[in-house]
Amino acid sequence: MNIIETRELTHIYRGKITALDGINFSAKPGERIAIIGANGAGKSTLFKHFNGILKPTSGDVLIKGESINNKNILDVRRTVGVVFQDPDDQIFAPTVKQDVAFGPMNLGLSPDEIEKRVRESLETVRLTGFEERAPHHLSTGEKKKVAIAGILAMRPEVLVLDEPTAGLDPGGAMRLIKLINEMNRYLGITIITGDAKAGRCACCCQIHS
Amino acid sequence: MHITLTELERETYGKSPLHRIDGRIKILMAFAIIVYAVALPRMDSLDLIKLGLIEVYVIILMIFARLGFSYLAMRFAIAFPFGLGIAAFQPFLKQPFIQNFTILYTLPLGLEVSSEGALFGAIIFAKFLVCISAVILLSSTIPMSELVSSARRLGLPKELALLFTMMVRYLFVFWNMLGRIRTAQKTRCFEIWNKNVPRKWTLEQIGYTISSLFVRSYEQGERTYQSMLCRGYNADAHVYVGRKKISAPDIFIFTLTIAIIAAAQVRVV
Amino acid sequence: MHIPDGYIPLEQAAIYWIIAILFIARSIKWARKDLNENMIPLFGVLAAGMFVLQTINIAANLLLPVPMLTGVSWHVVGAALTAIIFASPWAAVLLITLVLAVQSLFGDGGITAMGANIMNMGIIGGFLGYYSYIGLSKLSIKRPVAIFAGAWLSMILPAIALAFELWFAGTFPLKQGALLMGTFQGVAGIGEGLITVIVFGAIIKARPDIVEEDAPKKVSTIKVAAAGIVALFGLAIAAPFLTSGNPDGLGQTASLVLKREINSAITPLFSSYSIPGMGEMGKVAAIIIGFAVIIAVWFVAAKLLKKGST
Numbered sequence: 001m002n003i004i005e006t007r008e009l010t011h012i013y014r015g016k017i018t019a020l021d022g023i024n025f026s027a028k029p030g031e032r033i034a035i036i037g038a039n040g041a042g043k044s045t046l047f048k049h050f051n052g053i054l055k056p057t058s059g060d061v062l063i064k065g066e067s068i069n070n071k072n073i074l075d076v077r078r079t080v081g082v083v084f085q086d087p088d089d090q091i092f093a094p095t096v097k098q099d100v101a102f103g104p105m106n107l108g109l110s111p112d113e114i115e116k117r118v119r120e121s122l123e124t125v126r127l128t129g130f131e132e133r134a135p136h137h138l139s140t141g142e143k144k145k146v147a148i149a150g151i152l153a154m155r156p157e158v159l160v161l162d163e164p165t166a167g168l169d170p171g172g173a174m175r176l177i178k179l180i181n182e183m184n185r186y187l188g189i190t191i192i193t194g195d196a197k198a199g200r201c202a203c204c205c206q207i208h209s
Numbered sequence: 001m002h003i004t005l006t007e008l009e010r011e012t013y014g015k016s017p018l019h020r021i022d023g024r025i026k027i028l029m030a031f032a033i034i035v036y037a038v039a040l041p042r043m044d045s046l047d048l049i050k051l052g053l054i055e056v057y058v059i060i061l062m063i064f065a066r067l068g069f070s071y072l073a074m075r076f077a078i079a080f081p082f083g084l085g086i087a088a089f090q091p092f093l094k095q096p097f098i099q100n101f102t103i104l105y106t107l108p109l110g111l112e113v114s115s116e117g118a119l120f121g122a123i124i125f126a127k128f129l130v131c132i133s134a135v136i137l138l139s140s141t142i143p144m145s146e147l148v149s150s151a152r153r154l155g156l157p158k159e160l161a162l163l164f165t166m167m168v169r170y171l172f173v174f175w176n177m178l179g180r181i182r183t184a185q186k187t188r189c190f191e192i193w194n195k196n197v198p199r200k201w202t203l204e205q206i207g208y209t210i211s212s213l214f215v216r217s218y219e220q221g222e223r224t225y226q227s228m229l230c231r232g233y234n235a236d237a238h239v240y241v242g243r244k245k246i247s248a249p250d251i252f253i254f255t256l257t258i259a260i261i262a263a264a265q266v267r268v269v
Numbered sequence: 001m002h003i004p005d006g007y008i009p010l011e012q013a014a015i016y017w018i019i020a021i022l023f024i025a026r027s028i029k030w031a032r033k034d035l036n037e038n039m040i041p042l043f044g045v046l047a048a049g050m051f052v053l054q055t056i057n058i059a060a061n062l063l064l065p066v067p068m069l070t071g072v073s074w075h076v077v078g079a080a081l082t083a084i085i086f087a088s089p090w091a092a093v094l095l096i097t098l099v100l101a102v103q104s105l106f107g108d109g110g111i112t113a114m115g116a117n118i119m120n121m122g123i124i125g126g127f128l129g130y131y132s133y134i135g136l137s138k139l140s141i142k143r144p145v146a147i148f149a150g151a152w153l154s155m156i157l158p159a160i161a162l163a164f165e166l167w168f169a170g171t172f173p174l175k176q177g178a179l180l181m182g183t184f185q186g187v188a189g190i191g192e193g194l195i196t197v198i199v200f201g202a203i204i205k206a207r208p209d210i211v212e213e214d215a216p217k218k219v220s221t222i223k224v225a226a227a228g229i230v231a232l233f234g235l236a237i238a239a240p241f242l243t244s245g246n247p248d249g250l251g252q253t254a255s256l257v258l259k260r261e262i263n264s265a266i267t268p269l270f271s272s273y274s275i276p277g278m279g280e281m282g283k284v285a286a287i288i289i290g291f292a293v294i295i296a297v298w299f300v301a302a303k304l305l306k307k308g309s310t
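Residue numbers (the numbering used here), protein chains in the order written: chain A, 1 to 209; chain B, 1 to 269; chain C, 1 to 310.
Excised from the complex, chain A in its bound form (with noise of 0.2 Å):
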């Protein structure tokens, strides 16, 4: 079963410009997805529908087969974790820690359970030891795993990463990469990026275009 389906979705801003023109797209769990274009191609237009963001003006979105509703926005939403571009947007916590837990939080999960998520999550992205650091001071490789952490808290099935190496240096783009394919390898969750490098460097991965 497909774990995101969209059908001819169309989106329309403010009925004049035409962001997505009849999209069909389909990712089956584990599949590592690099989806490209140019900027304002319309690439974050459509990851703001995988998690019921936007509506489209026509078509569809299937989660797990099921199409978007108020009843289901918030398990849409568990599923599908989407890491915008810019992760001062996500992060906005004095401390890291709080931040990661900021998900769990909204999940109503048992105090332990989020001590041991958020711990969990920052062994993935190889930030323990940042636990109580502002997020202000630190760089923005170290933002971007944080985002990431912050995602993988809620336990996805599908982690959708908006140009993840968007100002990042080579070096830590590399490590990024390298983290977001070990997430795909050992976690078995689908990852979408929206970024060509790394679709590239990810290698042997489906490309939509």
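The reader is advised that the hints may include incorrect statements.
[As the list claims (entries may be wrong)] Below 27 Å or equal to it, Euclidean Cα-Cα: the simulated DSSO-like pairs (lysine-lysine) are:
| no. | chain 1 | residue 1 | chain 2 | residue 2 |
| --- | --- | --- | --- | --- |
| 1 | A | 64 | B | 94 |
| 2 | A | 71 | B | 186 |
| 3 | A | 55 | A | 28 |
| 4 | A | 97 | B | 158 |
Honestly, the hints are just simulated from the structure, not real lab data.
Position chains B and C relative to chain A; hints supplied.
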């Protein structure tokens, strides 16, 4: 505020003849209407006719400016609550400056509705309506940046003009930034009405959102300021304002507005 | 709680505007001189941020868990917050003025009434909120408590001032107004207080360099005392009206006394002031002039104290 900056901005870039009128003229027009409305005596039933006349004029200008109906409806709707609230109380109150009250109805709990109170309520509401209409017309037919430069040419002190210029420039940047922050929070299922989390925690998250926006705008200010210094900015620097001559349509519409106000005042006796 | 146009007579609105302008002028001077550098562009950018953060909705349920309040929300004002962060009430006056000006374009608060709104939220809120915080800190009260109290006062005192202004305007009875708006802002003030404490804590963590933490130690006790005296003086004048069973009657008596005093002193100044219906306006004007005089005295006092301290 529930109308978004983007919606407001879109209207201001309309192409109607009114949009093309010089910014200074539009500011002065709105100002004249507002001051006239507020200056009318507080208890005079003729006020309602005068204000009605001006309101009709402003609405004609709005139609002339081709402002969207749903846009206008929304703008009025969000401006109303506080103003309408205070006016709606008036029929039940005993205004200190009125000597005799004619009681129209007596309601339970000793509430009395007086015709004088109702009249006063109607007058302040009419004043409020005319003023809000003038503000909506002004703000919908002139982009904010032009509003500031026009105000500067009308004599707004240069420091204030600089402050407003910077503010208007970055208003949209932060507006979009907040939009992205909210999207990122929604992605992680944040919702201010969520009952599954402690209230204190939710309040904290809102506080953190505010502080992160505050710090980011402060830092944007620092960066902008430093880059201005790099380009030779100093305390005596001026904001550049383009020159624009007053044209015949400008003079016409301004004269018309003043004439309408004068006609309302003189003819309605 | 932004007063719209039409609710305050023009002459009263003008008086509030004059007071506001004096303070705005001084606040610009502060932004230019007090920080050693010309920080005006920075404050312009920050004002944009302040405007935007005032659009962040906070659910009323978070304070009062009443099901009826579902859907009701409020937002922060930030007068006390900015004054405390920049260790100067002038920062609050400047930023609140800019925010109010742009808000008025959205129909949030009037143009003629903007002077009164600036006076309430920026000046009264900023100054009294800030000096309460400083005063309490000097009494070695814990910082969060002092910040909470300052922010709470920066909400409730403007509400009381607003009730007085609407009463002078004849638009709303004093006691009911004070009760209504005081209750509303008193509750919202708890939220403002809590949020201010949280935001202050978070900002100090991210950028400790922009927060003047040791302000309570630096500000001279004389200044705090002066602010306290002004506040008490204001309260002493306001209290009889608020507690009296017949504030309108008391207002009349007070204005008669005030008017006699003022008339004997400044009759020549006002002899040309002949707006029709001045007889009825006179009593209101007298109180407002009194109010203005108090604030002018405060202003001069603050200025003198400032000179003395540098």
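Worksheet item: Keeping to a limit of 27 Å between CA atoms, is the pair of residue 64 (chain A) and residue 94 (chain B) held or broken?
Response: violated (65 Å)
Discussion item. Can you confirm whether the C-alpha distance between residue 55 (chain A) and residue 28 (chain A) stays at or below 27 Å?
Written reply: holds (22 Å)
Discussion item. Does residue 186 (chain B) sit within 27 Å of residue 71 (chain A), going by the straight-line distance between their CA atoms?
Written reply: holds (15 Å)
Worksheet item: Is the straight-line distance between the alpha-carbon of residue 97 (chain A) and that of residue 158 (chain B) 27 Å or less?
Response: violated (46 Å)
Violated hints, listed in ascending order, are 1 and 4; each of the other numbered hints is respected by the structure.
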